[in-house]
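In order, the protein sequence lines correspond to chains A and B.
At position 216 of the first sequence the residue is numbered 219 (our numbering), and the sequence of numbers has no breaks.
At position 258 of the second sequence the residue is numbered 261 (our numbering), and the sequence of numbers has no breaks.
Treat the hints as calculated values from the structure; they're not laboratory data.
Some hints could be false.
Pairs count within a copy or across copies, as identical chains cannot be separated in the list.
Quick list of in silico lysine to any residue cross-link-like pairs, SDA-like style, CA-CA up to 25 Å [what the hints assert, rightly or not]:
#	residue 1	residue 2
1	Lys41	Ser152
2	Lys210	Gln233
3	Lys210	Asp105
4	Lys41	Phe151
Number of protein chains: 2
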Amino acid sequence: MTDSSTHLLSHLLIVLVETSHPGNIGSTARAMKNMGLKRLALVAPREFPHEEATALAAGADDVLAEARVFDTLDDAIAPCHLVFGTTARPRHNEAPSLTPRDAAAMVLREAYLGLNVALVFGTERTGLTNAELDRCRHAVRIPANPEFSSLNLAQAVQVLTYELRLASLELVEPDLPSEPRDLASAGDFEGFMGHLERTLGLIDFYKGREYTRLLQRFRRLYQRAALDRQEVQLLRGMLAEAERAARIAAATRNPPGSV
Amino acid sequence: MTDSSTHLLSHLLIVLVETSHPGNIGSTARAMKNMGLKRLALVAPREFPHEEATALAAGADDVLAEARVFDTLDDAIAPCHLVFGTTARPRHNEAPSLTPRDAAAMVLREAYLGLNVALVFGTERTGLTNAELDRCRHAVRIPANPEFSSLNLAQAVQVLTYELRLASLELVEPDLPSEPRDLASAGDFEGFMGHLERTLGLIDFYKGREYTRLLQRFRRLYQRAALDRQEVQLLRGMLAEAERAARIAAATRNPPGSV
């Protein structure tokens, strides 16, 4: 993650409205910090600060310490240019809601342009009121099980902040290749297959069967494993020991000098 | 959401290993049900059932009531064909981890083909052990703030199940392989790994070396190969012959009656 995307995330504002359980404020702080967010605003929380908030923040104390408390939603979002409200259910008269993914892309784009952006979450029991949602430019809805659609408040924050983090990674950073593996070359691989073929003969695996197809099956499974060079050595080490045992066993059946 | 994608989600298994706080089990059940999942397995939970689990399930009582409790992870995942383990940090020696999004797409594709798929989550404090992660074909890592990367357990479940739900919604006609494979179950796989360990001992592959890491490397490459049942039989056939040769060889060095 680059400095600039870290910077964007740390400027986004999460607003919790009239939260009943201080534990949810703590869990929200933790979820935010996990995803690289810092700025929390609390509108008329029932109890804050509170030991349960601190306990559930689990180390995100800095987010709690810097949280600002407001009397009204309007006060909390006054300096913001763009406000997203979250909702668990489709509302009457509501503008079509965005998915978290689309909303996150939009948030990051606007933040990148230097706008102040806020995401607002309502109370545990009823979410945002229609009047509160009206304060928001866009509604965001997490696609949930229609028969059980109400997420815990901090879980909803987690999903949204997770999407914000992904969007920030996609915004700035090109797709990074995963760490390159030291893959075996085709030559290494064929060397191994030849070794396997000889060893299987020595340990009498074929027992007179037509073995092209058997070898084919081994080939397929090892191809699928995309072996690296160390793994080829490991497997060949195993074959060498099996061969050694087979030679000793064969010498027993046909001791030197026998006919 | 179609009936068939609902059906797929309801068959996925979430496994929590040695959960300390019953509240996290309840929050997990709620997160699962919010996203349309139903099947929960608990490996040696510290306390379960427990009133705090029920309280935090907030109506997902059915998920808790049907949760199955196991003594070991191996027991819990024995019937599964494909197991994903979650991890908060990159591990030494770990296969490259998947993002939740890529993992979810893979899970849904495999579930669509009729495979049993499990997602495994470790303890609150330390996550999955390396030995537990070794039981998993793939590791999944939530891209988090590197300076504060440990999500609450139920939050991690929320992120993963959210991605599973999105993947199920996007699933229209997955890229089907020409023919579904008869993949080995985790139980079959462990049977093979036990056989390999014994055979390597018999053919004197270890030569007094500390062999846990050696086995680890074999395990990783065979996990990556996603073995089907016939391949497990093929490999065990090879092991059986190597063993036979090794026994004859050993008898040569210590013929019956020698001291």
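For Lys210 vs Gln233, is the C-alpha pair at or below 25 Å within one copy, between two copies, both, or neither?
-> between (31 Å within a copy, 18 Å between copies)
Within, between, both or neither: Lys41, Ser152 at alpha-carbon 25 Å | between (27 Å within a copy, 14 Å between copies)
Are the CA atoms of Lys210 and Asp105 at most 25 Å apart within a copy, between copies, both, or neither?
-> For Lys210 and Asp105, the Cα distance exceeds 25 Å both inside one copy (41 Å) and across copies (44 Å).
State whether the alpha carbon distance between Lys41 and Phe151 is at most 25 Å within one copy, between copies, both, or neither.
-> between (30 Å within a copy, 12 Å between copies)
Hint compliance for this structure: hint 3 alone is broken.
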